[in-house]
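Enquirer: Okay, here's what each chain looks like letter by letter:
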Amino acid sequence: MRFDFSRFLLEIEHRLRRFRGLSFACRLLFYGSIACVAVSLGLRWLTPNLALGVALLALLIPVSLAAAAFLLGWSRRPDLPHLLLQLDDQLDSGARISSLYEVRTRGQASIFREQLEALVESISTDWKRGITLPNRTLGFLSAGIAGVLIACAILVFPVSLPMAVSSEPLAQSEASGQMPISSITEPAQDNARTASDEVSAPLDLSEETTSSQQDATEELTQTQLDKGLSLDSILDNLSTLSRGQKQVDAPPTSEELMDLAEAQEQARQALSEMLMELQERMQNSPRPLTRQESQSLKNLAAQTGDPEIEQQTDDLANEPNPDQIGEKLQDLIEELDPDSAKPEASPKTSEENGNGSEQEAPRSTEISGDQEAGQRFLERTAEQLEEQANAETEQDGDSHRQPSPQDEDDSQETREDGSTDIRMADDPDDLSQFGGKEGIGGDSDDDPAPGEVGFIREEAPSTIGAEGELINEFVTKGVPIEMAPSEDRTDTHIIDFERMESILHERGLPEEALDSVRRYFELITQPEGGS
Amino acid sequence: MISEQDFQTAAATFERLRSAIAEVIVGNEEIVRFALISLLCKGNVLFEGVPGLGKTLLVRTLAGALGLKFSRIQFTPDLMPADIVGTDIITEESGHRQFSFAAGPIFGNVILADEINRATPKTQSALLEAMEERTVTVGAKTYALEEPYIVLATQNPIEMEGTYPLPEAQVDRFLLKAKVTFPNLDNLVRITERNTEGTGIQLPEATATASDILTARQIVRAIPIAAALREYIGRLVLATHPESEYSPAQIKEYVEYGGSPRAAIALVMGAKAHAFLAGEINVRRDDIEAVFKAALTHRLVLNFRGEAEGVSPDTLLDEVWNKTATN
Numbered sequence: 001m002r003f004d005f006s007r008f009l010l011e012i013e014h015r016l017r018r019f020r021g022l023s024f025a026c027r028l029l030f031y032g033s034i035a036c037v038a039v040s041l042g043l044r045w046l047t048p049n050l051a052l053g054v055a056l057l058a059l060l061i062p063v064s065l066a067a068a069a070f071l072l073g074w075s076r077r078p079d080l081p082h083l084l085l086q087l088d089d090q091l092d093s094g095a096r097i098s099s100l101y102e103v104r105t106r107g108q109a110s111i112f113r114e115q116l117e118a119l120v121e122s123i124s125t126d127w128k129r130g131i132t133l134p135n136r137t138l139g140f141l142s143a144g145i146a147g148v149l150i151a152c153a154i155l156v157f158p159v160s161l162p163m164a165v166s167s168e169p170l171a172q173s174e175a176s177g178q179m180p181i182s183s184i185t186e187p188a189q190d191n192a193r194t195a196s197d198e199v200s201a202p203l204d205l206s207e208e209t210t211s212s213q214q215d216a217t218e219e220l221t222q223t224q225l226d227k228g229l230s231l232d233s234i235l236d237n238l239s240t241l242s243r244g245q246k247q248v249d250a251p252p253t254s255e256e257l258m259d260l261a262e263a264q265e266q267a268r269q270a271l272s273e274m275l276m277e278l279q280e281r282m283q284n285s286p287r288p289l290t291r292q293e294s295q296s297l298k299n300l301a302a303q304t305g306d307p308e309i310e311q312q313t314d315d316l317a318n319e320p321n322p323d324q325i326g327e328k329l330q331d332l333i334e335e336l337d338p339d340s341a342k343p344e345a346s347p348k349t350s351e352e353n354g355n356g357s358e359q360e361a362p363r364s365t366e367i368s369g370d371q372e373a374g375q376r377f378l379e380r381t382a383e384q385l386e387e388q389a390n391a392e393t394e395q396d397g398d399s400h401r402q403p404s405p406q407d408e409d410d411s412q413e414t415r416e417d418g419s420t421d422i423r424m425a426d427d428p429d430d431l432s433q434f435g436g437k438e439g440i441g442g443d444s445d446d447d448p449a450p451g452e453v454g455f456i457r458e459e460a461p462s463t464i465g466a467e468g469e470l471i472n473e474f475v476t477k478g479v480p481i482e483m484a485p486s487e488d489r490t491d492t493h494i495i496d497f498e499r500m501e502s503i504l505h506e507r508g509l510p511e512e513a514l515d516s517v518r519r520y521f522e523l524i525t526q527p528e529g530g531s
Numbered sequence: 532m533i534s535e536q537d538f539q540t541a542a543a544t545f546e547r548l549r550s551a552i553a554e555v556i557v558g559n560e561e562i563v564r565f566a567l568i569s570l571l572c573k574g575n576v577l578f579e580g581v582p583g584l585g586k587t588l589l590v591r592t593l594a595g596a597l598g599l600k601f602s603r604i605q606f607t608p609d610l611m612p613a614d615i616v617g618t619d620i621i622t623e624e625s626g627h628r629q630f631s632f633a634a635g636p637i638f639g640n641v642i643l644a645d646e647i648n649r650a651t652p653k654t655q656s657a658l659l660e661a662m663e664e665r666t667v668t669v670g671a672k673t674y675a676l677e678e679p680y681i682v683l684a685t686q687n688p689i690e691m692e693g694t695y696p697l698p699e700a701q702v703d704r705f706l707l708k709a710k711v712t713f714p715n716l717d718n719l720v721r722i723t724e725r726n727t728e729g730t731g732i733q734l735p736e737a738t739a740t741a742s743d744i745l746t747a748r749q750i751v752r753a754i755p756i757a758a759a760l761r762e763y764i765g766r767l768v769l770a771t772h773p774e775s776e777y778s779p780a781q782i783k784e785y786v787e788y789g790g791s792p793r794a795a796i797a798l799v800m801g802a803k804a805h806a807f808l809a810g811e812i813n814v815r816r817d818d819i820e821a822v823f824k825a826a827l828t829h830r831l832v833l834n835f836r837g838e839a840e841g842v843s844p845d846t847l848l849d850e851v852w853n854k855t856a857t858n
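Sequence lines, in order, name chains A and B.
Counting from 1, one number per residue, gives the positions in the first sequence under the working numbering.
Counting from 532, one number per residue, gives the positions in the second sequence under the working numbering.
Just so you know, the hints here were simulated from the structure itself, not pulled from any lab data.
Where hints are given, some of them may not hold.
Now the stretches of chain A that chain B is said to cover, found in silico as 3 or more residues with beta-carbon under 8 Å [unchecked claim]:
1. 77-88
2. 94-107
A few chain B positions that, by computed beta-carbon distances, are all more than 10 Å from chain A [what the hints assert, rightly or not]:
3. S534
4. T544
5. G558
6. G595
7. S602
8. E624
9. K653
10. P698
11. Q701
12. P755
13. L760
14. L769
15. V814
16. R815
17. A839
Using N, Cα and C, we set each Cβ at its ideal position, and we do this for glycine too.
Next comes chain B alone, as it looks inside the complex:
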């Protein structure tokens, strides 16, 4: 049973966490919020942006502030699944040789899958089980991953040569997808100051524990959401399907597949986490709107016409949001 004291404590913890991250990461408040939301929702997040925007720094900062074990996997075309999940090796102990499991970098709390689209689909799929079931199977043995567990992946949207687009099954396992944008002038000046003066960037001290994160997750799940809003979220997701009665004309014209049930779950949970981070005790329409695009933009599969005409999924989602009535 969660008490009000737990709620207050968790809220204060995450406020501290956000402040600690903000001391390192200049700007990109929305990216930080999405990362925290994913952490609270037991989800994973996909960051999309050109190199050099601080994606890796963000993940390292988050891991440092949480006091959790951080792993980084640089995805390359020759990366093999065993390089990620680990493998059995022969060890000799007291004169006896035996196989023992050498865990890969996937065993951690905060995993950075850098440039995930550079690895082959076979290697990419090594993450599927870890991302969804929080387990890793090597040979005949399955290993549980330690909670809290979160995969933060990055991908470069410009450099397409030698890349392998993520399969839909894997994309769907990311709770949110956030676009890391280039900093504005003020933030750029502040970034240069922090990196060129004094001692440089210092990762923050741990301000939360794994236990705090798990408690906060329970609190987020308990945040109430009205039945009418649940129905509203359902209509929103259905509206992304071209064959649905709720979908607007543009969706019918440009979309091949819409959001999956995971999208609806992501919307509900994301809205709850957003409400929690905002200090609210119930889900509002604003909370749904805050995570709507991030939860659905990577789940829309455009048809040939949509791809040919370069239709933006965000534009389609704006249409869905505007055409779907609350009641």
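For reference, chain A alone in the conformation it holds in the complex:
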């Protein structure tokens, strides 16, 4: 059979056009898949409930681009002389194919034509190795397919995205009974969601900075609880998560936390005032609460961020009996403002301070004073830690010295006030900075002797935030802290200093630093600390 050079040329041309189309298609498939992944992520992020059918339309981007590119590559006719010379170079055939093409194109009778045809026929058996898909095209193809698959996964399995993380872990964690995880992980934005616009401005800021951290924290916590892991491991993970998050987002600042505390206190104050007004009205004309009054109460209770107060407010709002309403009003007022419910404690403290005028001061002023004291607490805590560290280096052994008479007096004075032995400062002025002696409370029976060195098990009730979240911001980073119910307070932090000491030993902390660490946590868990 005679060698058909025309057919040979046609095969070469078709193969080249096919491969060129494939090359274009693979390249655009790759770029299209990148666009597809981006679009998929955008769709999933912006519209989590996007219909699957609509979402899958995004897959048409790379497919349609690849199809168009293939057609474009196929439709362009190749420059045959150059193509044949390329093929000659690839086959190392000494330009015979292109020379034969030249002879045939010119149509001249030549003695070389038959010889060239015979030579080309001999090399035409494996000419296809001269036109192959480049490795780069295969790379584009692989990457493009991978991109499309990733886009499919994003579109079909949206649960893997953070937006789809359920908020159920909060309820489950509370039901687990291990510890009030919500007090650790429940961030400010839960309260911020129900806060008024005026109050919620700083909360929104906090929500922005901690939203991603919150989602991850909730997910992690729920996972840990489901696995029945210990509190320590949860705290360790939360601590790790917090450290990792710091590298990406700025952690909530003390100012933001102060804003949160202020907003909650304002809500508590407003709720208290409304309750008092209702109490006066009930004394004048006993009748059930109106719908509007009930709703206002619920809103204000929600802004306090205190579930117990919310529960009591709900009970009050749903109570039809005016007598019961009066009792619940009184209970709720006492819950919101214990100082007003225990007037015997304040006069004693006021007398000791020699400031009798404060006894007659309006309650709102006291609350405001607590807030200022809280701010001072945060500021002074950082300063004191720094000062103590400096003092330790300068006065080696001073931390273990016997207390001076003045110290003993101060300690004695504090015990007489009913405070715990956890001391914030040796100077009585410092006590005033952290809320004064008025704010100090607790049981002095369990107190060790003044100046006693060593770790003891302490209870530190917190009052910043309904669930002590401000305290937790400071003490949850790897601290063996637990919370226990308290009769007069919503939560009580229990710091196991013996365990802390063993943990610090395991982590290789020097002995001389243990005392500083212990005093740090004593400071930040001071009873009535900062409020």
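The hints should help you fit chain B onto chain A, whose structure is shown.
Expert: What follows is chain B alone, placed relative to chain A:
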């Protein structure tokens, strides 16, 4: 119409010719090949080398092997054009005096222009017409030169005093320029043996005729070359021009003028002749590479900077070859 038989015969003839020359000329295979290529391409060749390297012997051997008329012109400063082309002289025949043309040494088949750069430009230019048009004009009469015709010129690159560099127009008329190098030790020993023992060097018997040469020239012209390779040759020549888009940086920096269209013709024809001598039936890239430098090295005119820095044209051509893509 050339037959395959003609092709086979011509190929065999030139193989014999090469063998005959190789029996006399030791080494310098490339020089011999360039001479044959020029003969096949209807061109002329310029040999550059110091005296005593066998340039004259090569030309005499080639002429003897071809059985063609050989002329040697020793160029000197006082050589006049009439000494080359000839002149009209008064002759007396049957009592009548008349002018008759006495042909100069340029009338031959194989012309050796020895040390061509020693003559004045006026005398050098006497060769221009013969080299390109294969004609000689004396007075009002033009004489055609007999084919095959080839001028093989030599020049000494060292001795510059009393020499006149060839003008560009004349240099461009040489198809190829080849450098005759000093023989290596083995070849030098063989040269001494052939010249000092036995009967000495004997010029070969004629192994080809003028008709064989003319037939071979037709065959060479018929050898196909791909259009893409023609384009490639065009890009190569354009790349020697500093103003061209194809030229590399060194060409732009050191070259004043690049190759002329004659250079492109020389490349195509030289590649075809090289393919023929190699027994190929089409031009390959290797054939172009084999004659690339020889066809272009004497056509590059360096600028002042290139001359001052002593840049070698061969270096520039290497750059051109390496930077010019086949496709």
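Enquirer: Hints the structure violates: just list their numbers, smallest first.
Expert: 3, 12, 13, 15, 16
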